[in-house]
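Participant: Please model the entire structure based on the sequences and the hints provided.
Protein chains: 4
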Amino acid sequence: MDDIVIHYLERPKLKKPIFIEGLPGIGNVGKLAAEHLIDQLGAKKFAEIVSKYFPPQVMVLDGGLIKLVNNELYYAKDVGKGVDIIFLVGDYQGMNPEGQYEITDFILRVLAEFGVEEIFTLGGYGVGKIVEKPRVLGAATEEDLVKEMEGYGVVFSRVDSGTGIVGASGLLLGLGALHNMRSVCFMGETSGYFVDPKSARAVLDVLIQALDLEIDFSELEDKAKQIDVITSRLREAEVKPDEPTGGKDLGYIG
Amino acid sequence: MDDIVIHYLERPKLKKPIFIEGLPGIGNVGKLAAEHLIDQLGAKKFAEIVSKYFPPQVMVLDGGLIKLVNNELYYAKDVGKGVDIIFLVGDYQGMNPEGQYEITDFILRVLAEFGVEEIFTLGGYGVGKIVEKPRVLGAATEEDLVKEMEGYGVVFSRVDSGTGIVGASGLLLGLGALHNMRSVCFMGETSGYFVDPKSARAVLDVLIQALDLEIDFSELEDKAKQIDVITSRLREAEVKPDEPTGGKDLGYIG
Amino acid sequence: MDDIVIHYLERPKLKKPIFIEGLPGIGNVGKLAAEHLIDQLGAKKFAEIVSKYFPPQVMVLDGGLIKLVNNELYYAKDVGKGVDIIFLVGDYQGMNPEGQYEITDFILRVLAEFGVEEIFTLGGYGVGKIVEKPRVLGAATEEDLVKEMEGYGVVFSRVDSGTGIVGASGLLLGLGALHNMRSVCFMGETSGYFVDPKSARAVLDVLIQALDLEIDFSELEDKAKQIDVITSRLREAEVKPDEPTGGKDLGYIG
Amino acid sequence: MDDIVIHYLERPKLKKPIFIEGLPGIGNVGKLAAEHLIDQLGAKKFAEIVSKYFPPQVMVLDGGLIKLVNNELYYAKDVGKGVDIIFLVGDYQGMNPEGQYEITDFILRVLAEFGVEEIFTLGGYGVGKIVEKPRVLGAATEEDLVKEMEGYGVVFSRVDSGTGIVGASGLLLGLGALHNMRSVCFMGETSGYFVDPKSARAVLDVLIQALDLEIDFSELEDKAKQIDVITSRLREAEVKPDEPTGGKDLGYIG
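Residue numbers (our numbering), protein chains in the order written: chain A, 3 to 256; chain B, 3 to 256; chain C, 3 to 256; chain D, 3 to 256.
To be clear, the hints were calculated from the coordinates, so they are not data collected in a lab.
There's no promise every hint is true.
The list treats identical chains as one, so a pair stands whether inside a single copy or across any two.
To be verified - Derived EDC-like pairs: lysine to aspartate or glutamate, alpha-carbon spacing no greater than 16 Å straight-line: (1) 83 / 214; (2) 46 / 74; (3) 69 / 144; (4) 47 / 93; (5) 69 / 145; (6) 149 / 64.
Computed from a predicted structure; not experimentally measured.
Facilitator: Given below as C-alpha cells:
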C-alpha cells in the first residue's frame, strides 16, 4: 500500500483558504480547539487520510461499527468576514519522526493544491502545574505575523526548553516555510496532566480575533468547568500529580 | 528480498470463500479458535508467507528440523451448508506498525484474488481477571452484520479503553473496508494471563452459528479443563497475578 | 548509499564451497570458533560488507587507524580432504529485524554465485549457569543432516524456549532453505555471562568431524583456561551472576 | 519528500577545501570548537540540510520566529596560509543508524563535488570525571596523518571501550575512506556532564597547528571560566555527579 492514502469525500472549491491544524497533543489543547471550531462553524468533512505511520488500529464506535484510525480534513466556506477554512483533525499524529515528516509534507502538498497560503497550528504548552489563566504562546514564520498576533495578546519569546516545538504543530511551520506558507503556532499553557478545555478556549480567543470570527463557547466552558471540579478536588486532597518532565522546563509536543 | 513473500503450495479454486483470521494475540484466543477449526474441518495448507516484518528467527521442531517463522493460509471446501473458507494462522503478527499495515494490505490483496467478500477476525479481549463465562464482544464494518451477530449473542458496544482494536484483527476490518469487504471481529473475554481455550470456545460457539457449521469441541474442552485446574489452584493459593495494564481498562491486541 | 555494500578484495575461484558463519552472539561462541578456524586454516579475506543496518561506528585499532564496522568473507581452498570453505565473520549482526533479513538474503545471493550448497552456522545456546562440559545442540534443514550430525554427538531436539534460534545463525537456515541450501546450525551450550572458548571448542570438535579437518586447539585451550580461572574464582567467592533471562529457558541469539 | 534535502544559499568556488565537522555530541566539544572557528574566521553559511532523519521539530528563536532543525554548511576562503574550509554544524545528528549512514553519505557526496580530499572531525571523549588538562585523542585513516598529528600532541591509541567512535565523527572517517578521503578525528577529553569549552579549546589548539591558522580564544576562554566556576563549586560541595556509563570506559559519541 502507499505510505499515506487520502480519500476524498468531496472536492470543495475554496478561495485561498486558511488552514487550521488541531491534532492530538499535550492537554489535547489543539484538538479541543479545532473540533470546537469545526462544530461551531458547521464545517464539513471532505477527506480522510490513512497511513502506515499511524498505529495499526481501529476505533470501535457506539453501536459496534469500526473506524480505521485516521486524520480528517474539514472545510468551512465564507465564515466571519468571508474567509474559507480547511481544518485538520484526527486520532493520532505520525508515530515516528519519518512519519511526522512524510505526513506533514503530504498534507502541505494537498493544501498547496487548494491554494492555502496561511497556516494556524494549535497546541498546548506543558508547564507542569495547574494554570489558572493560561497564556497563549506563539511562534511564527514571519515578523509581521509576530507583530499582528502580539496585538491579540499572544506571547512570543524563545522557547526555553531547548526542545522547541515537537510534532505536527511545529513541523507544519518549518516545512510550510519551504512551501512559502506564512504560519503561526498558538500554544495554550496547560499543566500537561489533563485534557484542558480552558487552555483550548484561550487559544480560540486569540484565533477568532485573528480570523474575525464569532462563535459560542458555552460547550467548551461546560467541559472546562467539569475539569475545574476535578482539579480543585485534587488540590484540596493535596494530591500532587507526578511531574512527568520536571516542572517549568517541560517541552512542547503539539 | 521483497518485504513480504508468499509461496503457494497449491492454488485452490474456491467459490466466494469466507476468510477467517486467527493470529497470535491476547490469550491466543483467535489462534486457538482458528487452529481448532482448521483441525476439525480438515483444512489444507496452501500458502506460506514470510516477511522481514516478522522476527529474524527460526522455530526448532521436534526432531531438530527448522521452520522459518511465517504466516500460513489454509482452505476448506464445501463445509457446513456448502461454504468455502480461507484461514490465516501463524507464528507472529507484524512486529511494527508499518509491518502490520503492509502485511494486512498484502493479505487483503491475496484474498481479493480468491474472491473473498466477507471476513471474520478472531481474538481475545483482556479484562485483567479470570472470567468464568467469557462473553464475545464484536465490532463490524456494517450495521446488518451487527444485527445478525447480536442474534448469536455477540455484544456490540464502544470499546472503552480508547485503544480500540490493535493489530491484525482490527486492521483487517479497517483496511478491508477500503477493499469493500464486509467484516466482523469476535473478541472472547479473557484474563490476559493465560492461553484461554475457554474463550476460544466461546468465540467458536458464535462463529459456527454464523457459518452454520458443526464441529467437535472435545479437544478444546480438554485444554480448557487443564487451564481451569491451574487457575483454580492459583485462586486457592490466593496468588493474585500482577495486573499488567490496570484491571478493567485493558486494551485489546488481537 | 545502497543499504548493503560489498567490496571485493579478490574473487577467488572455488569448487562448491562449504559456508561457515560465525558472527557475534551469545558467549561469542560462533565468532570464536569461526575465527579460530580461519586462523588455523590460513583462510584469506576476500570481501568486506558495510551496511546502514550496522551501527554508525568505526573501531579504533592499535596505532590509531580506524576501521568501519563490517562483516567480512574469508576463503580457504583445498583443506582437509579437498574442500573449499567460505567464512563469514564480523563486528556485528544487523541491528534490527529488517536488517537481519536483508543482510542474510544479501549474503545468500553472494554465496549462490560462488556455488555454495551447504551451510554451517555456529553459535551459543545460553543456559544461564556455568557449564562444565558443554553439549552441542543442533538444528538442520534436512533429516539426513540430522542423522549425520547425531553421529558426531550433536543433540537435536525441539528448542524449549519457544523462541527458537534468533539472528543470523537461524535466519541463514530459514532463508537458505528458500535458496535450496542444505544447512546445519551448531549451538554450543554456554552460560551467557562470558565469552566462552570452551563452548567454541565443543562446536569445533563437531565441525572438524563433519568436514574431516585437523586443526590445532592450543590457542583456544589457553583462552579457555583463562576463563576457567575467572569463573572458578567467582564460584569460590560464591558470587552468583544475575540470571538475565531466568535460567534454563534462555532463548538463543546466534 | 526526499529523505534528505539540501538548499543552497550560494555555490562558492573553493580550491580543494578542507572539511571540518562539529555536530552536537559529548560535551558539545566538536560543536563549540567548530562554531568558534566559524565565528573567528568569519565563515559564511552557504547551504542548509533538512531531513526526516532529524527530529520532527522547530526551534523557537528570540522574537518568536521558528527555524526547522537542520545541519548547515559554512565556508571560509583563503584563511591561514591560503586554505579554503567547509564547515558542518547543526542542531542534531541523524536520529537512528540508517539516518547516520544516509546523512553522512549524502554530505560526503556534496563534499566530493566541492573537491574535498581531507577531513577533520571534532568531538569529545567522555571520561566520566572532571578533567583539568584535557588531552586530545585522535584516530585517522592514514598512517602519515597519525605521525603528523602526533607532532601536534594528539594521542593515538586503541579506543578501549570496544565501542570505538559512534556517530558522525566516526562515520565520516569510515565512509570517507570509501570515497578516498584522508581523515582525522580529534576527540577532546571531557567529563560528559557539561558542555566543555576547555576541551573545545584543546581540540582547536591542535587544529590550528594542523591548518596553520591564528585565531583569538578569548570568547571560548570566557565560557570555560564560567563552567570552571560551576564545576569547582560542585566539587567544594562534594556533589558527585552520577557516572552515566561507569567511569573510564565511557564510549564516545561524536
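Participant: Please go over all the hints and tell whether each is borne out by the structure.
Facilitator: So, going through the hints one by one against the coordinates:
1. 83 / 214: Classified as within; 7 Å inside a copy, 62 Å across copies.
2. 46 / 74: within (10 Å within a copy, 42 Å between copies)
3. 69 / 144: between (39 Å within a copy, 11 Å between copies)
4. 47 / 93: Within one copy only: 14 Å inside a chain, 38 Å across chains, cut-off 16 Å.
5. 69 / 145: between (42 Å within a copy, 13 Å between copies)
6. 149 / 64: between (46 Å within a copy, 14 Å between copies)
In terms of the numbered hints stated before, the structure departs from none.
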